[in-house]
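Using the sequences and the hints, build the whole thing.
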Amino acid sequence: MPHITVDYSDALAETFDRRGFGLALHPLLARTVVGSVAGCKTRFRQIDECVIADGVDEVAMLHVEVALLSGRTPEAKAELSRAVLGLARDHVKPTPGVTLHTSVDVCDLSRGSFASHTEEDHV
3 MPHITVDYSD ALAETFDRRG FGLALHPLLA RTVVGSVAGC KTRFRQIDEC VIADGVDEVA
63 MLHVEVALLS GRTPEAKAEL SRAVLGLARD HVKPTPGVTL HTSVDVCDLS RGSFASHTEE
123 DHV
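With the numbering used here, letter number 63 in the sequence shown gets 65, and the count goes up by one each step, no holes.
Among these hints, one or two may not hold up.
[What the hints assert, rightly or not] Straight-line Cα separation of at most 16 Å, EDC-like style, residue types lysine to aspartate or glutamate; simulated pairs:
| # | residue 1 | residue 2 |
| --- | --- | --- |
| 1 | K95 | E60 |
| 2 | K95 | D12 |
| 3 | K43 | D9 |
| 4 | K79 | D107 |
| 5 | K43 | E67 |
Bear in mind the hints are in silico, worked out from the structure with no lab data behind them.
Here's what the structure looks like:
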């Protein structure tokens with residue numbers, strides 16, 4: 003059920019192993035907070051333009067947002083944030099001359115208003 007959104011600078015298009023990150027992230031979530039890989043959904047959005055710090059071109063960003071149904075403790079969310087941060091860093095090859103800012107936010111989806119449906123034979 004987790005919905006993961008990953009925003010990354012266009013400078014990382016060739017060095018960020020997005021598929022590898024997603025495939026490693028889903029079991030991590032299943033082990034730590036969810037219990038099942040089946041409901042994990044990750045989408046990647048390349049950022050064509052962003053301004054970081056003083057606007058120097060040699061800076062890139064990678065931000066991961068993990069949205070979970072509410073009910074996890076702050077400690078569990080903090081632990082998950084640290085684990086996802088490490089995993090994200092492991093899936094980006096260093097780029098000479100580029101400083102990478104990586105961040106993670108674990109946030110709550112409201113149990114009262116979140117709805118979902120899966121249809122296996124949908125075309």
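Evaluation of the provided hints:
With a C-alpha separation of about 15 Å, the suggested pair K95 and E60 falls inside the 16 Å cut-off, and the hint holds. Restraint check for K95 and D12: the C-alpha separation of about 14 Å stays at or below 16 Å, so the hint holds. A hinted pair counts as satisfied when its Cα atoms are at most 16 Å apart, and K43 with D9 qualifies at roughly 14 Å. Only pairs whose Cα atoms come within 16 Å are accepted, and K79 paired with D107 is accepted, the gap being roughly 9 Å.
With a C-alpha separation of about 12 Å, the suggested pair K43 and E67 falls inside the 16 Å cut-off, and the hint holds.
Consistency note: the structure conflicts with none of the earlier hints.
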